[in-house]
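**Student:** What follows is each chain in one-letter form.
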Amino acid sequence: MACLWPSLPSHDKNDDMAIAELIVQGVGTYLTIGLIFAVFFAFAGVGRVDSHAKGATLGFRVLIIPGVAALWPMMVVKWLMGKKAS
Amino acid sequence: MGARYEAVQWNKNKKVYDFFLIAAIVVYLTAFIISGALTRAGDQAISPAILLIRAFGSCAFILLTLILMIGPLARLSSFFLPILYNRRHLGVATFVIALIHAIIVVFWYHGFGELNPFVSVLISNDRFDSVSQFPFEVFGVVALTILFLMAATSHDFWLANLSARTWKNLHMLVYIAYAALALHVGLGFLQSEQASFYTVLVYSSVGTVIAMHLITGFREWRRDGKSIWIGKGGADWVYVANVKELRDGRAKVVGLGTGEKVAIWRNDNKISATSNVCAHQGGPLGEGRIIDDCITCPWHGFQYDPANGRSPPPYTEKIETFELRLEEDALFIDPKPRAPGTPVDPLVIKEN
Chain A
1 MACLWPSLPS HDKNDDMAIA ELIVQGVGTY LTIGLIFAVF FAFAGVGRVD
51 SHAKGATLGF RVLIIPGVAA LWPMMVVKWL MGKKAS
Chain B
87 MGARYEAVQW NKNKKVYDFF LIAAIVVYLT AFIISGALTR AGDQAISPAI
137 LLIRAFGSCA FILLTLILMI GPLARLSSFF LPILYNRRHL GVATFVIALI
187 HAIIVVFWYH GFGELNPFVS VLISNDRFDS VSQFPFEVFG VVALTILFLM
237 AATSHDFWLA NLSARTWKNL HMLVYIAYAA LALHVGLGFL QSEQASFYTV
287 LVYSSVGTVI AMHLITGFRE WRRDGKSIWI GKGGADWVYV ANVKELRDGR
337 AKVVGLGTGE KVAIWRNDNK ISATSNVCAH QGGPLGEGRI IDDCITCPWH
387 GFQYDPANGR SPPPYTEKIE TFELRLEEDA LFIDPKPRAP GTPVDPLVIK
437 EN
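Keeping their order, the protein sequence lines are chains A and B.
Numbers 1 to 86, taken from the working numbering, label the letters of the first sequence in order.
Numbers 87 to 438, taken from the working numbering, label the letters of the second sequence in order.
It is worth saying that the hints were derived from the structure and are not from the lab.
Among the clues, some could well be false.
[Claimed, not checked] Short, incomplete list of chain A residues facing chain B, as computed with Cβ under 10 Å:
#, residue
1, K13
2, M17
3, V62
4, V68
5, L71
Remember, predicted model here, so these are calculated numbers, not experimental data.
Here a beta-carbon is modelled for each residue, glycine too, at the ideal position from N, C-alpha and C.
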């Protein structure tokens with residue numbers, strides 16, 4: 001078996017597990033909040049952020065949900081700024 | 087954009103493109119699964135789940151390789167331009183195929199234990215000191231995450247709302263995704279599979295992608311070296327072409343030595359000059375052609391009237407236009423661009 005480097009510092013399996021659970025829970029929470037926000041945004045807020053989205057088709061609104069769920073903090077700011085401007 | 091957003095702005099070309107894309111994917115997956123089942127009989131047999139994992143994984147790798155080769159290929163020959171036309175759908179299809187691969191992997195290898203399957207993916211292998219047992223899954227996660235972000239932001243809504251620069255930078259991550267995918271395959275599948283055919287296929291794919299980019303980059307560099315030098319103070323009129331060398335419905339692209347490129351168009355007996363950069367995603371307009379009297383971008387089919395650089399209504403995109411002058415057969419350009427969308431009367435040339 002080829003070895004990349006001879007010795008790595010030993011680490012605790014329980015620590016690995018705790019970190020992995022933290023990552024999975026963190027990502028899961030972020031995406032759950034994002035998904036809930038994305039559905040509201042796609043049907044109620046997107047028209048305030050982009051005028052071309054006013055009266056947009058159902059297909060378009062569904063299509064942007066995954067992207068909004070991933071980038072929701074940025075879209076929250078844009079929505080709030082859009083409300084301020086209007 | 088000037089029109090109301092739709093999920094997909096379908097036209098006949100996109101439907102034909104998607105039909106061939108889906109047909110090619112179905113044929114590949116079917117051929118891979120059937121040949122895998124037939125050639126791996128008896129002691130060599132592998133489970134249907136692993137066969138599916140390999141079929142979808144290899145399909146995603148081939149599609150991403152194709153995506154990265156289309157740009158250079160289209161620059162080398164206009165024959166490949168039709169494949170470039172709807173690359174966006176090719177990218178989304180690649181993500182969907184990669185996602186199916188990942189879902190089967192997670193459920194098959196991590197879905198039957200007590201641990202959360204995603205936690206299991208992260209901690210099941212910590213052999214970072216080994217090549218043959220390296221936790222290659224991490225590279226797959228990186229590639230899949232990038233492919234997701236690219237697919238999820240592929241609609242024009244994101245181009246408008248992320249800003250063109252951010253959107254472009256995000257989508258340039260495709261090169262990181264491809265590197266991660268190559269490592270995922272090289273440290274994963276190729277370590278367990280000794281068949282040299284797959285090794286040759288993977289390394290030749292990566293090598294071809296790199297070579298194609300180097301070749302087209304070198305050609306661009308040489309072409310830029312032949313740019314017309316207008317100097318720091320600019321120039322009034324500079325020679326750009328002999329009118330006889332212009333092909334009907336096509337453009338000659340000329341560098342101005344300032345980094346800007348101009349496309350000189352011939353549409354029947356009319357000659358016009360516009361910026362070479364599409365206002366949509368910065369596509370190379372001069373590599374497209376004139377369809378229905380409109381300059382048509384080879385990337386996504388955005389169109390402009392050559393006489394004023396404006397997209398036909400209801401679209402509102404505009405590109406810069408340039409003044410031309412004809413002396414005998416010699417074509418001269420005023421290198422100072424007119425504001426995007428400024429009408430400039432085309433030069434009318436005599437037939438033949």
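**Student:** Would you check whether A/M17 satisfies its interface hint, that is, whether its CB is within less than 10 Å of any CB in chain B?
**Tutor:** Holds - the Cβ of A/M17 comes within 10 Å of chain B, reaching about 6 Å at its closest.
**Student:** Does A/V62 hold up as a contact with chain B if the rule is Cβ-Cβ below 10 Å?
**Tutor:** Interface hint status for A/V62: holds (7 Å vs cutoff 10 Å).
**Student:** Have a go at the A/K13 hint: is there a Cβ in chain B nearer than 10 Å to its own Cβ?
**Tutor:** holds (8 Å)
**Student:** Would you settle whether the hint for A/L71 is holds or violated, based on the nearest Cβ-Cβ distance to chain B being less than 10 Å?
**Tutor:** holds (8 Å)
**Student:** Just to be careful: measuring from the Cβ of A/V68 to every Cβ in chain B, is the smallest value less than 10 Å?
**Tutor:** Holds, about 8 Å.
Going down the numbered hints, you'll see the structure goes against none, and every one checks out.
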